[in-house]
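Enquirer: Chains as they are written, first to last, in the numbering used here: chain A, 3 to 116; chain B, 11 to 119.
Hints are computed from structural coordinates only; laboratory data are not their basis.
All residues carry an ideal CB built from backbone N, CA and C; glycine is no exception.
Hints are supplied without guarantee of correctness; some may be wrong.
What the hints assert, rightly or not - Taking lysine to any residue and the SDA-like style, the derived pairs with C-alpha atoms no more than 20 Å apart in a straight line are:
| hint | chain 1 | residue 1 | chain 2 | residue 2 |
| --- | --- | --- | --- | --- |
| 1 | B | K62 | B | E86 |
| 2 | B | K106 | A | S81 |
| 3 | B | K62 | A | G18 |
| 4 | B | K66 | B | P50 |
Unchecked claim - Now the stretches of chain B that chain A is said to cover, found in silico as 3 or more residues with beta-carbon under 8 Å:
| hint | segment |
| --- | --- |
| 5 | 21-35 |
| 6 | 96-105 |
| 7 | 109-118 |
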Amino acid sequence: DSGVTQTPKHLITATGQRVTLRCSPRSGDLSVYWYQQSLDQGLQFLIQYYNGEERAKGNILERFSAQQFPDLHSELNLSSLELGDSALYFCASSVESGGAGEQFFGPGTRLTVL
Amino acid sequence: GNSVTQMEGPVTLSEEAFLTINCTYTATGYPSLFWYVQYPGEGLQLLLKATKADDKGSNKGFEATYRKETTSFHLEKGSVQVSDSAVYFCALRSGKFYFGSGTKLNVKP
Chain A
3 DSGVTQTPKH LITATGQRVT LRCSPRSGDL SVYWYQQSLD QGLQFLIQYY
53 NGEERAKGNI LERFSAQQFP DLHSELNLSS LELGDSALYF CASSVESGGA
103 GEQFFGPGTR LTVL
Chain B
11 GNSVTQMEGP VTLSEEAFLT INCTYTATGY PSLFWYVQYP GEGLQLLLKA
61 TKADDKGSNK GFEATYRKET TSFHLEKGSV QVSDSAVYFC ALRSGKFYFG
111 SGTKLNVKP
């Protein structure tokens, strides 16, 4: 158990809908990262937050947004969903924003768009 | 810029065979290097890491040595088991994190 929690575990929805994925980092970790993992692709970095502020942006679509709250949990919002958004979404956390330490990954949320 | 390149899979081995998964990197500065493992249906778990040149990371029989001269961090295991079947990701951290595309390992009994 990495200490990173994600809810829900599975999510099935329809095209055009909006969903929210939630992540709680390990106790003491200030950085949260979001990744998308599709069947035919590797791990795609979406976005990073550090202590409530956006720190880095990757290949995140404009239909997607995220935020990190004062209690450090984070939410990833996906809107106007398309079939191609079906994927595993992982959250990871680390103590600091820079540095040399590792990330700790949550179990993921499997999103299916029908 | 920073990037990680690892060998494409899938890699299929028989039980007790020797494993090597190649990983090379491009980075500015002095990155930390990691191997993560993803078992079916699960998230990524840290397998081992090395934070400076010539460091050797090891865990569960897996090893990787940080080679600055060849910019490599190849993963090795002397005798694989069926339970090692998973996807292996090489990654570096130079401020930000950069992941390779993953190598799927299938170990047959």
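Enquirer: Determine for every hint whether it applies to the structure shown.
Expert: Checked hints:
no. : hint               : verdict
1   : K62(B) <-> E86(B)  : holds, 18 Å
2   : K106(B) <-> S81(A) : violated, 27 Å
3   : K62(B) <-> G18(A)  : violated, 47 Å
4   : K66(B) <-> P50(B)  : violated, 27 Å
5   : 21-35              : violated (count 0)
6   : 96-105             : holds (count 3)
7   : 109-118            : holds (count 4)
In the structure shown, a violation is registered for the earlier hints numbered 2, 3, 4, 5, in ascending order.
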